[in-house]
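*Asks:* Chain residues, written in single-letter form:
Protein chains: 2
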Amino acid sequence: MATPQHEVTSATPASTSPTAIRVALLGCGVVGTEVVRLLTTQRDDLTARIGATPELVGIAVQNLETERDPIIDRSLLTTDAEELVTRADIVVEVMGGLDTAGPLLHRAISHGAAVVTANKELLAKQGADLHNAADAAGVDLYFEAAVAGAIPLIRPVRESLAGDRIDRILGIVNGTTNYVLDQMTKTGANFDDVVAEAQRLGYAEADPTADVGGHDAAAKAAILASLAFHTHVTASDVSCEGITGITAEDVKWSKETGHVIKLLAIAERIKNNGTEAVSVRVHPALVPNSHPLANVDGAFNAVFIEAQAAGPLMFYGQGAGGAPTASAVVGDLVSAARHRVLGGTGPQRSSYAEIPILPAGEVRTHFQLRLRVADEPGVLAQVSQQLAEQQVSIETVRQILDQRPLDERAAESETPTAELVVTTHEASEAALAQTVEALEGLDVVTKIISILRVEGA
Amino acid sequence: MATPQHEVTSATPASTSPTAIRVALLGCGVVGTEVVRLLTTQRDDLTARIGATPELVGIAVQNLETERDPIIDRSLLTTDAEELVTRADIVVEVMGGLDTAGPLLHRAISHGAAVVTANKELLAKQGADLHNAADAAGVDLYFEAAVAGAIPLIRPVRESLAGDRIDRILGIVNGTTNYVLDQMTKTGANFDDVVAEAQRLGYAEADPTADVGGHDAAAKAAILASLAFHTHVTASDVSCEGITGITAEDVKWSKETGHVIKLLAIAERIKNNGTEAVSVRVHPALVPNSHPLANVDGAFNAVFIEAQAAGPLMFYGQGAGGAPTASAVVGDLVSAARHRVLGGTGPQRSSYAEIPILPAGEVRTHFQLRLRVADEPGVLAQVSQQLAEQQVSIETVRQILDQRPLDERAAESETPTAELVVTTHEASEAALAQTVEALEGLDVVTKIISILRVEGA
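If you're matching them up, the sequences are chains H and X in order.
For the first sequence, counting from 1, position 426 maps to 426 in this note's numbering; every step adds exactly one.
For the second sequence, counting from 1, position 218 maps to 218 in this note's numbering; every step adds exactly one.
All clues stand as given, with none of them false.
Copies of the same chain look alike in the list, so a pair counts if it works inside one copy or between any two.
EDC-like, lysine to aspartate or glutamate: derived pairs with alpha carbons at most 20 Å apart: (1) K271 - D45; (2) K271 - D44; (3) K252 - E419.
Simulated from the structure, these hints should not be mistaken for laboratory data.
Generate coordinates for the entire structure from the input sequences, incorporating the hints supplied.
*Replies:* Have a look at this one:
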């Protein structure tokens, strides 16, 4: 990872006055505008809570001419972000992206400013550099808004659970995919149609790849895993599968088996052959209806945490949107500002535990396989045999008569078929892949319809 | 409130060495034992997270001879708590009660120690004194475990939401009552039988008054309201009604109308005739099945928060028990210890807003009234008239034929009766009380069967 290329000045506190805290805002989109609204409408309350007034000293934007909400004082707008960050006590970054934001935040830190950022991509890819710089400079680096929007999650994981041992995190941390899966569940519509509708309603981007491909959730998983396990996990350590392969039939079947399909960000601490490893991954999964995450619908986010002493915990709320994200940003700003007034900083990075990443093939979970098979005696025996040979143990099997229209069936196979829904006990990804390969080689298996993981059982 | 009666020495940090943090534990019951277990089993991790080793220097107990878990090093036991608190950097109080714990914590603070306490009663009744002492001494006062056990809640309300404006908190914060109501819902049994069973299973105390009377929840409501609204709320400001009056029939009826009965701790910020007031109360309420709190069953706790920018948030987890409570305690201990190592303190008390308490009669909510009435024409008109005269607006009315056995009916009234279930729009407690009085005066109303508030609609 590249070292930041800029001058480093001494990190003396840059406050001009003990009665004011200078705040620089980088970015003035939906979130930035709501940050300004909170700083403006809650000014007296924030002043009382901090013990000094948070004064917005500038807002860095790309284009001074863009039309903006009337709450924005246009005299604060500047295109010179590099200069702006040198005259602030706290730099709030809500512009996103790597190439501009990264160097600007390093520059801010090197000038002694505390940093509040909502930039999950930057944290997931270059978080270690940023943490190291902040620790060296003795300034705060807060990022509550980077994961699960308004939900207080980073602070609880980083501080409240610092005396406990977190074993597992299961998170619904992407509102777009949760909305899409939810609509597929409620309406029975297929993926493409729901995404098109979500785009029309503004719930999905014109290019939805980062969301539906799972990449947004993967960045958040890396951030959460690093904090929860006190180790280094970057976006590239996260194995990632999106929801583009989820069909209306998968959704229909999830209901039949008492599940709901969710895109999960998963971080697990695992004993692997006596040594410890972490698995960090994003994929769609069948979640039992009885699990607290199953009821999280629409654009809401929720994160389920299992800690050894605390037991199960869940955090629920809005994961995106201007005002909810701004709530998290300004909460961090108040913490950083209080430290400016009272001295000290928040907890530094805790990454003493260098825990290796578990190879994707060694991850163990439950699977649900749906197979189209010949409708003849002995098929189940053959299928069971293949699973047993790969040490994949069957938990339940259900056989369903083929209910498709005759012409559709005939196009695929001339012999009568049935469907098998096999749920496995815990098995490794590698064993499952080998099992699938073996099943594909069986004459009696005409098609592997779907393979879905089951989580939270 | 009494001023603490003891000498005040200078608050110089008492750490003997930068590599160790001296921890004194007051109390060694279920929670204290689990605190020791975490400090012992997680010692290396805690040391890495803090940057110094948390060393248990003593455990104050009432009786040195009591049999204890083998994790307890008996050489640390002492009956001299007053001496113990003078030789610690952090004093952890899990003994409970007011008379002994209060002066001990003041003594600890005056000797420069940070305090971590799970003592909700002390905080709700004498919290202001304790906060003032801690702020004056420049030491941390943490109390995550005092409300909702393992659930990170105090820190999110106090820090994460410090940039937002909390309007309302609805909490299931007492596991015993939630378990009792849950069992009444699941089995149809009556209150006394379920409480007896809960006592047998260890889910309820031999004297369950503090729980079923709502007093435990009221202390927690006071603590949450103070933090959320940056004001002073003490236990005596909380209007409190327990669950002893909830009948099996109430529970049955809640199901029929799509609700579940929960004991709620409620803190609301209200505009009352143009000025702001807070209502803090504890009472059983009908919660719609669709509300996230409705699914919180068994001994779990959950707290639902509505903030202006963040929107709805929910926090869920175990509200009691040794290990869960210890998780919260040791999380606080790590925060306080980090401050000892790195300098600074956590956020001080923020109680700048002196918001008056709304008189109980002015609280506005929805009500469900169940009335036994004469089964004759014109009854609904008479009942409606009485509500209208008190400005209580009806949302729905449902009339049910009397399904009781004939002999039971005859014992109460000689004429045929029916039952009316009336749900109101928002009305004040005072107006509702007057309405009930007026209804009792009607010849056609033979009995007011129950009055329940509806929350979370």
